[in-house]
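First to last, the protein sequences are chains H and C. Yeah, the first sequence ends on 439 if you go by the working numbering, and it's all consecutive. Yeah, the second sequence ends on 439 if you go by the working numbering, and it's all consecutive.
Think of the hints as simulated: they come from the structure by calculation, not from any bench. All values derive from a computational prediction rather than experimental measurement. The reader is advised that the hints may include incorrect statements.
Intra- or inter-copy, both count: the list cannot distinguish identical chains.
Keeping only pairs whose Cα atoms sit at most 25 Å apart, straight-line, the calculated BS3-like set for lysine-lysine is [stated by the list, open to error]:
#1 K347 / K428
#2 K367 / K132
#3 K10 / K373
#4 K241 / K347
#5 K333 / K293
#6 K32 / K16
Listed here are the chains, written in short residue letters.
Protein chains: 2
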Amino acid sequence: MSNLDMNKKIGIIKELLKQIHRGISVEELKTKYSQVLMQISPIEIPLIEQQLVKEGISIDEILKLCDLHVALFRDYLVGRELKDIPNGHPLDILVKENDEILKLSEALGMYITSISIESDHNKLNELYSKAFELAEKLYRASRIHYQKLQMVVFPYLERFGIYAVPRVLWGRENEAITKIRRLRELLRNRGMVNEIVEIGKAVVSDVSELIFRESKILYPAIWSIFSEGIWKAIYEEFKEIGFAIKIDSIWETHENPIYPWQIEKGLDEQTIERLPSEIKTVALSLQQGLKFDAFKLIRDGYIDLDTGYVNVDEIKGIFRGIPIELTFADKDGRVRFYTKNRFMKGFARVKTLLGRKLEYCHPPKLEPTIKKIFEDLKNGARDYYEFYSVIGGRIVRVLAIAIRNDRGEFLGALEVVEDITEFVEKPEEIKKRIMIL
Amino acid sequence: MSNLDMNKKIGIIKELLKQIHRGISVEELKTKYSQVLMQISPIEIPLIEQQLVKEGISIDEILKLCDLHVALFRDYLVGRELKDIPNGHPLDILVKENDEILKLSEALGMYITSISIESDHNKLNELYSKAFELAEKLYRASRIHYQKLQMVVFPYLERFGIYAVPRVLWGRENEAITKIRRLRELLRNRGMVNEIVEIGKAVVSDVSELIFRESKILYPAIWSIFSEGIWKAIYEEFKEIGFAIKIDSIWETHENPIYPWQIEKGLDEQTIERLPSEIKTVALSLQQGLKFDAFKLIRDGYIDLDTGYVNVDEIKGIFRGIPIELTFADKDGRVRFYTKNRFMKGFARVKTLLGRKLEYCHPPKLEPTIKKIFEDLKNGARDYYEFYSVIGGRIVRVLAIAIRNDRGEFLGALEVVEDITEFVEKPEEIKKRIMIL
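Excised from the complex, chain H in its bound form:
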């Protein structure tokens, strides 16, 4: 592809920079220079940019190239099959998040190059601080981007029996995130420059490679497989997780959202035929083709709790399992439910308390306080109260929490007792046990 030698390429880029400086738009430049630019692989541009840094051209100047580079990279990556994605569509958002991630990682790469050649103390300080800021932004942007894939997009692929691609992607995403986090720490603590340069290069390369894989394999696959209803559900859940970019245009569809467990049959042969070769090859090599995951989420006797479906036995088990103690008094101040668990024991509670008036569950001295707390929670003056106390020699946090339904109507007050003895008595030991996964 690239017949020009590196020096010529650098010359072209310098010329481009001048034009950008004169205010010529990215679109115009793309058209004007398309012939020449065709001969520079988008992968080479970061290398050229870093060369320019070494030649002493200011980063601010070179950063202006980023937009052009991203535009080029995108043309290179996003094939014809993805051209008709509507503005604001969840897949459009993913593509645009990658633009942002690419820009951040490229700028970060240039700052790191500058750090490696700068000797002036003040300038170094500034470079470190800028680079750290970019690493932090890159961390947040890529984390939220990958989470949307891992938590929202991949479950659909798994339902269709496509496991390898999402698992491999997640593995690489995880490595990239780990490196970005490490780089951020090195920049924060002014680690060895060699190490910063090395890990910085790895980050830039990991990030580009992921963008490449997503654009060339994942996006074409999901664009061809997912129905409008699936995209609707994905859009809803994307909003739960959040975005790495500002969302300007709102995408709408009249389809009802379709969740993975609502999909009732696997991909047909035609659809598989249209998949990117990386997925198709795996699919066709499997003995029974793609194995559809027919797991039935909703069954007889299951209760819909909005965020899941469980039966009564499971609800009881969960309440017995949690390491905190609950007592629920309903909107009329009657004790209706409490839990016991194997981890801790707070206040005494027995079945004879059921139906009892809340204020009678405490010594008369506390009656006015209990009534006040309940009233405050009921009328919305307070959302919760927090106390610390000691029960049976254990330090506990006691929360009194207003419970409301999703229409905001008061359902009752929940008392939560947590045993925090270990945390406040041995905080340093706890901190030593922290693992970052």
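Could you slot chain C onto chain H? The hints should help.
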């Protein structure tokens, strides 16, 4: 009642002591001395005992009197109407716990008297240590005794519309417990002797007075009101709370337990007529008599969770209300339910995770670990796993807990995420906020 003067009484008690020393049984002494003892109020005996301490008679010697005193006090307190309580019956247990509480408080009183007159350093040390031990025992015994009244017995009285007696008793119990706790602290820290003596006297007097009120008002009332089914339920719930004494004889009944909310009508006139005058007077002075509390605990659409009855809306509200984050995977390792709350945010979780295989919810690197944890919880090798980590800058405890039904069958694994940042970062501030209620 007491025509004898104090000196004569002390003389009689000294004579009794000699006889006890010779091995004559409490029962025999009671018969032999009944005429004379009739003239000594049981309330006076602690005073006489303390006088003996001052005269230099050893505490060990005087402690032998305690049994006699308790027997006398009991005869004095427990009227004819309570004579036929079966051995091991919950009311019998309450009476016997009071014997124990009385013995402890009396012995404690004597040790405190000794402390106030002892000057030998070594002996003082021993007295303090004995007295502290007794205060601790008294604290535990009275606490568990009062809790059974407050949590199990009183709700029935409230159901029948009897509020004043339980409320007043609880108020006094609370004062007594507060004083015992204070006394225990003073003994532990060797506080001012004057204060110890003063609060010691208050404890002995509070405790006796409570025993008096329970025996003369509460016990006759509940013995006449409560049905066999009620006692059955009380017995079950007493066991939940525990006892201040060893339970030798097991009480049995074929009646089904009756809980407060299962009682459908108030007391009839005949029963009210038979109540101790303290309750009857209040009852008759009320305009509509005793107002039966007809609260209906179980209603249409309520789910029986063993420790309460709630509807689906309330269950959802409770799960949204608790300050911890749950994710439940069923016995087949499928994500079936998760919660979100307003207090903290741990891992990302969205509806597309429902039905997903647990091991696919984590990076491939962690897949073997996740599988191992799930298997260990499933086959019972572990009951739970505990980790500490950081999510979004917050320190969290992550528990993976085996969930089983009451027959011990594995239902699934529950992941619990708790935000413990405040506790481990500012333990001293938390401790300052501790209040003892």
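To see whether the hints hold, each was checked on the structure:
no.: 1; hint: K347 / K428; result: both (20 Å within a copy, 24 Å between copies)
no.: 2; hint: K367 / K132; result: neither (59 Å within a copy, 32 Å between copies)
no.: 3; hint: K10 / K373; result: neither (81 Å within a copy, 55 Å between copies)
no.: 4; hint: K241 / K347; result: between (39 Å within a copy, 15 Å between copies)
no.: 5; hint: K333 / K293; result: between (49 Å within a copy, 22 Å between copies)
no.: 6; hint: K32 / K16; result: within (15 Å within a copy, 115 Å between copies)
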